[in-house]
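Undergrad: What follows is each chain in one-letter form.
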Amino acid sequence: MEKSKTYLGVEIKRPRTAFFELSSCEGCQLQILNKEASLLNFLDLLEIVNFREAMSNGSDDYEIAFVEGSVTRADEEERLLKIRKQATTLVALGSCACFGGVNQLKNRFHDLEWVKNEVYGGHPIETQEVRPLSDFVIVDLSIYGCPIKKEEVEEIVTNLVLGKSIDHPRYPVCMECTANGNICLFNLGEPCLGPVTRAGCDAWCPNNRMGCWGCRGPSDEANFSQLQEIMDSHNIPRQAMLDRLECFGGFSSAIREMEK
Amino acid sequence: MGESISCDININHLTRVEGHGNIRIRIKNGKVENASWDVVETPRFFEAILVGKHWENAPILCGRICGICSIGHTLASIRAVENAFAMVPSLQTQRLRLLLKHMETLQSHILHLYFLVAPDFLGTDSVLELIKPHGDEVQRAARLKLLANDGGDLIGGRRLHPTRTVVGGFTMLPDRIKLATLRQRLHAALADLNKTAELFGSFAIPDFTRETEFVSLKSDGNYPFIGGQLVSSDGVLREEEEYLTMSNEYMVSHSTSKWSKLSRPSLAVGALARINNNFASLHPHAQDIANNLGLHPVSHNPFMNNVAQLVECVHVVQDSISLIDELLGSEWQEPRQTVTPRAGAGTGAVEVPRGILYHWYQFDKDGRITRADCVIPTSQNNANIHYDIIALAQKLAAQGKDDQEIRLLAEMLVRSYDPCISCSVH
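Listed in order, the protein sequences are those of chains A and B. Using this note's numbering, the first residue of the first sequence is number 827, and each one after it goes up by one. Using this note's numbering, the first residue of the second sequence is number -18, and each one after it goes up by one.
By construction, these hints were calculated from the structure, which means they are not laboratory data. Some hints could be false.
Dumping the calculated EDC-like pairs for lysine to aspartate or glutamate here, alpha-carbon to alpha-carbon at most 16 Å [as the list claims (entries may be wrong)]:
{"id": "1", "chain 1": "B", "residue 1": "Lys159", "chain 2": "B", "residue 2": "Asp306"}
{"id": "2", "chain 1": "A", "residue 1": "Lys861", "chain 2": "A", "residue 2": "Glu978"}
{"id": "3", "chain 1": "A", "residue 1": "Lys911", "chain 2": "A", "residue 2": "Glu889"}
{"id": "4", "chain 1": "A", "residue 1": "Lys861", "chain 2": "A", "residue 2": "Glu980"}
{"id": "5", "chain 1": "A", "residue 1": "Lys942", "chain 2": "B", "residue 2": "Asp134"}
{"id": "6", "chain 1": "A", "residue 1": "Lys861", "chain 2": "A", "residue 2": "Glu981"}
{"id": "7", "chain 1": "A", "residue 1": "Lys861", "chain 2": "B", "residue 2": "Asp131"}
{"id": "8", "chain 1": "A", "residue 1": "Lys831", "chain 2": "A", "residue 2": "Asp870"}
{"id": "9", "chain 1": "B", "residue 1": "Lys113", "chain 2": "A", "residue 2": "Glu981"}
{"id": "10", "chain 1": "B", "residue 1": "Lys176", "chain 2": "B", "residue 2": "Asp131"}
{"id": "11", "chain 1": "A", "residue 1": "Lys975", "chain 2": "B", "residue 2": "Asp306"}
{"id": "12", "chain 1": "A", "residue 1": "Lys990", "chain 2": "A", "residue 2": "Asp961"}
{"id": "13", "chain 1": "A", "residue 1": "Lys911", "chain 2": "A", "residue 2": "Asp870"}
{"id": "14", "chain 1": "A", "residue 1": "Lys831", "chain 2": "A", "residue 2": "Asp886"}
{"id": "15", "chain 1": "A", "residue 1": "Lys908", "chain 2": "A", "residue 2": "Asp961"}
{"id": "16", "chain 1": "A", "residue 1": "Lys861", "chain 2": "B", "residue 2": "Glu230"}
{"id": "17", "chain 1": "B", "residue 1": "Lys9", "chain 2": "B", "residue 2": "Glu37"}
{"id": "18", "chain 1": "A", "residue 1": "Lys975", "chain 2": "B", "residue 2": "Asp(-11)"}
So, partial list: chain A residues that the calculated Cβ filter (under 8 Å) puts toward chain B [to be verified]:
{"id": "19", "residue": "Cys851"}
{"id": "20", "residue": "Leu856"}
{"id": "21", "residue": "Ser864"}
{"id": "22", "residue": "Asn867"}
{"id": "23", "residue": "Phe868"}
{"id": "24", "residue": "Ser882"}
{"id": "25", "residue": "Asp886"}
{"id": "26", "residue": "Glu889"}
{"id": "27", "residue": "Ala900"}
{"id": "28", "residue": "Ile951"}
{"id": "29", "residue": "Asp1028"}
{"id": "30", "residue": "Arg1064"}
{"id": "31", "residue": "Met1067"}
{"id": "32", "residue": "Leu1068"}
{"id": "33", "residue": "Asp1069"}
Just so you know, these numbers come straight off a predicted model, no measurement behind them. Every residue gets a Cβ at the ideal spot worked out from N, C-alpha and C, and that includes glycine.
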């Protein structure tokens, strides 16, 4: 007989877990299947009962639901409400689920007819304003990033299974970037949202000399007037800063505030 | 056998594919009344999203069209911008981009072959059920996938939604010692690929053919992946910027994804199309594997796309080894050229794992996007999948196959195309 896993002498129960996707690139679910060296151990923590991208014959009896993607159509709204009803814990997986992701950029036109016409001509097509999961249901846990970082997912899921508390960093990406000993990208002429974006990715993009685009949304007490000052002092056009702030949807309230 | 059968198959949200698609087959007294492939995925309107955005946003946003082929989208996007601004990447940048592309092709093909396809041939629901009875195979799949992903990290900064790839080149170059290590691991992977070929050689690939037209980039002596001329097996030849006459997108009522056609009602893109059109420029080792597995161009059996993907895995690993030798044999040059925007339009054609991908953008004089168009491989394949399902249903109905067998073969047929449905709707 297989020995069950224990933690501090207490038996661990593998939660019945399901993965779902709304409007998205399904990249976050793909990340779940990455980090191959520890993949089998990771999968062993959960009893996966529904994962359409990887398995047939999924079950609708689950405790934890991971939901990737944003809501852009009425049927997605219905599916989300159904998932919420079933799941004890609903996890928003990635920037689309947390903030609307890049999909929400279409909201900036405030004209769905124009948007539809631009892509489909006169062909009838159904769509609505893009919204994150939390606009419709209570989200128990958010996993940030575009894409999500598997190292972070492993840590969060382990804590979830063990019943430990899950705390996101309150400080910005700038802290992680500095700790990694990187050259500040502003000094290389590159705009960066590291000063205002929530950490936890270990400065994934700045480590690769690409300025942060803010996919994880704002850190606690993000200082936007300071950000504007930094951008100004490096002669970075305001539009370049706004492009980044509006890219993944996490800063939409900050942008509204800045535009006042 | 031979008895007139009736069945009504409705598969909503087919599993083990990327995105949401449905299969419908209705047979009454041995006659196919209705058969279709319906894409019901939600559109995300990327072409509209890009309007008004500055050029540097394009690769960042367009990489997000797809999680599986984000490297290909990023590279097609960069190429479209560079072509619009009349920029020619350095030889070093070209080599690094192709190497990065190869890592994506390997990762995606291995994921498809082992995680999505093999369970059908081994009679299980998912790769999870294969871990115990087929431990060696699952370990091998994980090893190959890890190698490809590590290569993606090393060159592109990140395996998915890459961070180092920019218009003009790269933000950073890979560590040379790590590049040499990647070369060693690629060399070792050839044994794993030979084993994979043995495994797939043991599978009975369904016997089904329907003649179609294959579209791909055209070989210039090298097996093509990034840019160049467009070719079809029916003899159509076009320049990269004439992609619209090659893809001819149109809408049908039962699909949120567009369809394509060229000389016939449908066309096919992807690994099988590439090999059918460019067999002679494959690496000799890849040609050997193709011959051993009975893949002889021109093959009109869509199930052979699985074999074609495996053959391409061998090709890209061999070619990656050569690319790394060339990179390590020369000094590093500047990683990134300066970008000077100008008014105009540009096309970027790239062979991503599922077939030829086109990005096209039009810019104003400040480098701001005024119009955008993205034509995705799976949208080009949708019509072909649809007509294949009809032909397959007719064949199986005539043979008097039962519901279960028709259902499984129809699912396997769609899976063999490795459709990227979210991507096709974008």
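Undergrad: Indicate, hint by hint, whether the structure satisfies it.
TA: We went through each hint and held it up to the structure:
1. B:Lys159 with B:Asp306: Roughly 13 Å separates the two Cα atoms, so the pair holds.
2. A:Lys861 with A:Glu978: Holds. A:Lys861 to A:Glu978 sits at ~11 Å (cutoff 16 Å).
3. A:Lys911 with A:Glu889: 10 Å, holds
4. A:Lys861 with A:Glu980: 10 Å, holds
5. A:Lys942 with B:Asp134: Answer violated: A:Lys942 to B:Asp134 is near 36 Å, above 16 Å.
6. A:Lys861 with A:Glu981: The hint holds at about 13 Å.
7. A:Lys861 with B:Asp131: 9 Å, holds
8. A:Lys831 with A:Asp870: 10 Å, holds
9. B:Lys113 with A:Glu981: 26 Å, violated
10. B:Lys176 with B:Asp131: Distance ~21 Å between B:Lys176 and B:Asp131 Cα, so the pair is violated.
11. A:Lys975 with B:Asp306: This hinted pair is violated, its Cα atoms lying about 32 Å apart.
12. A:Lys990 with A:Asp961: 27 Å, violated
13. A:Lys911 with A:Asp870: Violated, at about 26 Å.
14. A:Lys831 with A:Asp886: This hinted pair is violated, its Cα atoms lying about 25 Å apart.
15. A:Lys908 with A:Asp961: 15 Å, holds
16. A:Lys861 with B:Glu230: Violated - the C-alpha atoms of B:Glu230 and A:Lys861 are around 37 Å apart, more than 16 Å.
17. B:Lys9 with B:Glu37: The given pair, whose Cα atoms are some 55 Å apart, is violated under the 16 Å limit.
18. A:Lys975 with B:Asp(-11): Given pair A:Lys975, B:Asp(-11) is violated - Cα atoms ~43 Å apart, limit 16 Å.
19. Cys851: With a minimum Cβ separation of about 4 Å from chain B (threshold 8 Å), the hint on A:Cys851 holds.
20. Leu856: Since chain B brings a Cβ to about 5 Å from A:Leu856, closer than 8 Å, the hint holds.
21. Ser864: Because about 10 Å separates A:Ser864 from the closest Cβ in chain B, which is outside the 8 Å limit, the hint is violated.
22. Asn867: 12 Å, violated
23. Phe868: Hint on A:Phe868: violated, closest Cβ of chain B at ~12 Å, above 8 Å.
24. Ser882: Holds, because the Cβ-Cβ distance from A:Ser882 to chain B comes to roughly 4 Å (cut-off 8 Å).
25. Asp886: Hint violated; A:Asp886 Cβ to chain B Cβ min 13 Å, cut 8 Å.
26. Glu889: Violated. Min distance 18 Å.
27. Ala900: Violated: closest Cβ of chain B sits about 10 Å from A:Ala900, beyond 8 Å.
28. Ile951: Given a least distance of 6 Å, the restraint on A:Ile951 holds.
29. Asp1028: With a closest approach of 12 Å, the A:Asp1028 hint is violated.
30. Arg1064: Violated, because the Cβ-Cβ distance from A:Arg1064 to chain B comes to roughly 12 Å (cut-off 8 Å).
31. Met1067: Cβ of A:Met1067 sits 11 Å from chain B, so the hint is violated.
32. Leu1068: At about 10 Å, which exceeds the 8 Å cut-off, the nearest Cβ of chain B leaves the hint on A:Leu1068 violated.
33. Asp1069: 6 Å, holds
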